[in-house]
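S.K.: One-letter residues, chain by chain:
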Amino acid sequence: MQIKGTKSGLLLHMHERPLTPVVSKLRERLAALPNFYRGGRAVLMLGNQPLEATDLAGIIAILQEFGIIADGAVCDADEVGDAARAAGLRIVAPSVAAAPRVRDDRTEPAHVRKAWHEGGDAAAREASRRSGNGASKAAQAGTPAAAENCYYKGSLRSGQSLSAFGIIVVVGDVNAGAELIATGDIIVWGTLRGVAHAGAEGDDRAAVYALRLEPTQLRISRSIASAPAEGGDARGTGQPEVARIVDGQITIAAAAAVRDKAKSR
Amino acid sequence: MKGNIFVVTSGKGGVGKTTTTANLGVALARLGKQVALVDADIGLRNLDLVLGLEKRIVYDVVDLAEGRCQPRQALIKDKRLPGLFLMPAAQTKDKESVSEAQMARVVHALGADFDAVLIDCPAGIEHGFRNAVAGADEAILVTMPEVSAIRDADRIIGMLGTRRTRVVVNRVRPEMVKTGDMLSVDDVAEILGREILGVVPDDEEVIDTTNRGQPVALDATRRLAAIYSTMARRLLGEDIPALELLDDGLWSRIRRIMVGQR
Amino acid sequence: MSNEVREHADELLALQAPPQESAPDVSEAQPSEQATPPPAAPPSVEAQEQPRKRSRTRERKAVSGRAIVVTSGKGGVGKTTVTANLGAALADSGKRVAVVDADVGLRNLDVVMGLENRVRMHSLDVIEERCTLDEALVRDRVRRSLMLLPAAQNRDKDEIDPEDMQDLIEELQGTFDIVLIDCPAGIEQGFRNAVAGAQEAIIVTTPEVSAVRDADRVAGLLPNDMPARLIINRLRPQLVRKGTMMSVDDVLEILRLDLVGVVPDDKEVIVATNRGNPVIDISTSPTGAAIRRIASRLLGEQVPIPDFPAQQAWFARVLSGVRFPRPPSAKG
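These protein sequences, in sequence, are chains A, B and C. Residues 1 to 265 (my numbering) are what the first sequence spells out, left to right. Residues 1001 to 1262 (my numbering) are what the second sequence spells out, left to right. Residues 2001 to 2332 (my numbering) are what the third sequence spells out, left to right.
So that you can see chain A by itself, here it is in the shape it has in the complex (with noise of 0.2 Å):
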C-alpha cells in the first residue's frame, strides 16, 4: 500500500490483495500523523483484483475516523468499478500519473519496457502490474511499510518521473520536465533542473539537497516555490545547496552553512 499526499488530498494506492492487512496498515499509517489529513479528501486506487465488501467499508471508516473523506476510486475492472460504487465511492479514471515509474532500462525490467514499444503507456503499466512492483511484493510478504529508499545512479530526462515512500538519491542530473517525488528527502549529486517534491507525505522537515539547485520548482510537504522569474541567469550559485522549511517558507541555504549549522548542535 502507498499513501501519496497531494495538494487536494491522498491517493491511496490498494492494488495488492487479500486487502485486509491494509486496513490495519492504514491504521497505523494515519495515526501516526493524526490531524493532518483531517478535513481532507482521498482516492482510493484499487487495481483490478477482486475485493471484499466489508475490507473496503472498513478502509472508508477509518479514513471517516480520522477526518477524511473517500470520495472517489480508481478501479481497473468491473467488479472492482461495482464494488466501490457500492460502497458509495464516485469512480475516477485510471490515472497513469499515480503508479511510481520510471521509464528507464536500469529500474524497470525488460519485458515492461518491450512492452512500452510495442503498446504505449497502458501496455506498460499492465505488463508492470502484471509482474508485481515492489510495494505490493512487500506488503504480500507482511513485512512492515519498509521504506523503499531509491537509489538511482543516471539522469533523469524530461518526462521521466520518479517516486518513493522514503529517500531518493540521484547519482546524475535530473533534467527539466523530469520529477521526484519522495515521502522522505531528496538528494541530487548533480543538476537539479526539474521538479522535486520532498517529503509528499506532509513532513515539514524534509529536504531537497542538490550539487547545484536549479529546479523548476521545488515542493516539500505542502508548499511549493518557484524558481525565480526572468532576470539574468536562472542558474543557481553553483555551489551545492539545500532547500528546506525555514519560518514556514522555503528556503535555500548554502550546504557548507547547513552543514556547519548541524555540527555546532
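None of these hints come from the bench; they were simulated from the model. Please note: incorrect hints may appear among the correct ones.
Heads up, simulated DSBU-like pairs for lysine-lysine below, C-alpha to C-alpha not over 30 Å straight-line [what the hints assert, rightly or not]: (1) K2242/C x K2267/C; (2) K1033/B x K1079/B; (3) K1079/B x K1055/B; (4) K1077/B x K1033/B; (5) K2095/C x K1178/B; (6) K2242/C x K1079/B; (7) K1055/B x K1077/B; (8) K153/A x K1055/B; (9) K1055/B x K2242/C; (10) K2095/C x K2267/C; (11) K1033/B x K1055/B.
Label-pair ranges, simulated between beta-carbon atoms [as the list claims (entries may be wrong)]: (12) M2226/C x G172/A: 15 to 23 Å; (13) Y151/A x N2117/C: 53 to 61 Å; (14) R41/A x M2226/C: 36 to 44 Å.
Yeah, the Cβ is synthetic: ideal placement off N, Cα and C, and Gly gets one too.
Chains B and C: place on chain A using the hints.
M.R.: Below, chains B and C without anything else, positioned relative to chain A:
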C-alpha cells in the same frame, strides 16, 4: 456556451503552432478578453515554455481530466495580462493518458467561462491530434509557404470535417517569394482553399522571445504585435480586409500578391 | 520561377489518392450544444476487410546492414532533410543506402528527395503483401545506390505495428549497408514503430529550449541499449554570439549525448528542399558540408567538428575548396 473553441493545428511540426497559440492568446487578452490556452501536447509540452509559465505548473490537463483537481487549480493565470490563462499539458505522461471525450469535456467546460479557448495541437495526425481536435468548434491552420508544410496542411484540412478553418501563413520571407523560392500567400490560399486569418513574416527574434518565455505580442511596439492583434480581432468576428496588415513599404510585394484574398 | 514551386506543390496535392481511400474525418465531440452532426466517414475500401499481413519472421536473422532511426520529438527541426541528405552523402561514400519514410499519413521524404512523381507502392503495400519490397523501393534520380521506401499517404500510423517495422527493416538490412529511418514528430505510435526497427539512433535538435526539451524526452524513451547520437541543426553562430541562441555547449550540458555533428543554418536549404534537390550538392553550402562530415563520422572517420564563428557562412562560400560533382538538375 460563452466563447468559441479553436484548435491551432498544422500537421507538419515546427511551423509555429505553439508560437501562434501563445501570441494570439496574448493579443486576445490585450483586447480585454478572457482567454484560456490549452496545451494538448501531452508528453512534449512547450506552450508553458513559450509563455514563460513553466515554473508555476502544479496541476495539468491530465490531472483535471482524471478528476484529481478542479479547473481553477489547473489554470495558471498569467501575471502580465488580466484574462490570460494557461491549462498546461502533462510532461511525464503520454497522449494515451486522456481520451477524446475527456479532452472535449475539459475544453467545453472552459468554453463556458472564457471568451475564447485556443488549443495548441501536437504535430502529426495521431492520438494527440485527435484529442486536440475533439472539442474544437473551429480550426486555425498554421502553415508555412513550403511544400511539405502545405502538403501536410492539406491532409489536415481533410480531417477537420465541417469546422470553419482559417489559415495563418507563418514565417513568410518576402525576398524568397520574390525570387520564386517560396510560395506566395496567394498561392497558399488558392491551394488550400480556405480563408486566410493572417500572414506573419519570418522574424529571427521570435526564437529569442520563445526561449525567454516572452511572446512577441506582448510588446506593443513590435510590428508582429499589430499583426497578431489584427488576427485576434478577426477571430472575434471583426471583418478586417487584408490590406490593413500592410502598413510598411517592406511588405508591398505581399500587397500585390494578396489580390485574391477575401 | 514562382510557377515552378507552385506547380510542384500542385503536383504533390494531385498525387494524393482519391477521397474514398482517405481516413474517416475526425468526428466532432459530443455532447455539443451546437449539435452539428458529425461528418459522415467516406467509405474506405481497406477498412472493410482486415488486410492480410505477411507472416512474421520468428527470429532475428544475423544482418549485415546498419539500421539508424533519425528522430527528434519536436517537429520541424530537420529530420527529413537530414535523413535525405545523409543518405545521399553515405551513398556518395560508396554505400548502398535505403531511406525509409516512417511518417505514415504525412509523408515528406519523397518530396524532399524530389521523388514524389516516382512513388507507386509504399511500406504498407509491402506489409500487406500487395507487392514485394523491391517493387516498392524507389531509386534516387541521381545516386544509383540510394533507394527510398515511401510511406502511405492515406493510411494511419497505427496500422503498422512494431513487429511489422522490424521485419521490414531487417529485410532491408540484408541488402543495404545502411538503412536510415525517418521518424515522424512526436512520441506516439509512429515514433515507437520507427524506433522498433532500429539499432542506433540519431537525435536531431535545434539550439532552442523547446527543441532541446523534446529531444531530452525522446532520449529518455529510446531503449537503453540503443546508442544515440546528437545532431545540432540550424545553428546560427551570430545569434549565439548575441546571446539569443543556445550554444553547442548549452545544448550538450542538458542532453549529454555523443555529438555526431553541428549543422549551421543556411537559407539555401529551403530552396533546395522546395525543389527536391539535396543540399549536399550545393558546393557552397556550409549545411551540405556539415552533413557530409556527419556521414564520414558515421562511417568511423575521425572528423573534427569545426568551430562556427559568425563569419563562417560567408567564408565557406568564398573559400570552400570542396567541390562535389554537380548532378544534372531534373528541373530547369
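S.K.: If a hint holds in the structure, say so; if it doesn't, say that too.
M.R.: Consistency of the hints with the structure:
Between the alpha carbons of K2242/C and K2267/C the distance comes to roughly 20 Å, so the proposed pair stays at or under 30 Å and holds. A threshold of 30 Å between alpha carbons decides the hint, and for K1033/B with K1079/B the separation of about 15 Å falls inside it, so the pair holds. In summary, the hint linking K1079/B to K1055/B is supported, as the alpha carbons are separated by about 13 Å, within the 30 Å threshold. Among the hinted pairs, K1077/B with K1033/B is consistent with the structure: their alpha-carbon atoms are about 13 Å apart, no more than 30 Å.
In summary, the hint linking K2095/C to K1178/B is not supported, as the alpha carbons are separated by about 39 Å, beyond the 30 Å threshold. Taking the CA atoms of K2242/C and K1079/B, the gap is about 28 Å. The hint holds against a cut of 30 Å. A threshold of 30 Å between alpha carbons decides the hint, and for K1055/B with K1077/B the separation of about 12 Å falls inside it, so the pair holds. A hinted pair counts as satisfied when its Cα atoms are at most 30 Å apart, and K153/A with K1055/B qualifies at roughly 26 Å.
Restraint check: the Cα-Cα separation between K1055/B and K2242/C comes to about 26 Å, which is no more than 30 Å; the hinted pair holds. Between K2095/C and K2267/C the CA atoms are separated by roughly 29 Å; this keeps the pair inside 30 Å, and the hint holds. A C-alpha spacing of about 24 Å is found between K1033/B and K1055/B, which places the hinted pair at or below 30 Å, so the restraint holds. Checked against the hint of 15 to 23 Å, the pair M2226/C and G172/A passes, with Cβ atoms roughly 19 Å apart.
With their beta carbons about 58 Å apart, Y151/A and N2117/C fall inside the hinted range of 53 to 61 Å. Between R41/A and M2226/C the Cβ separation comes to about 43 Å, which falls inside the hinted range of 36 to 44 Å.
Comparing the model with each earlier hint shows a violation of hint 5 alone; every other hint is respected.
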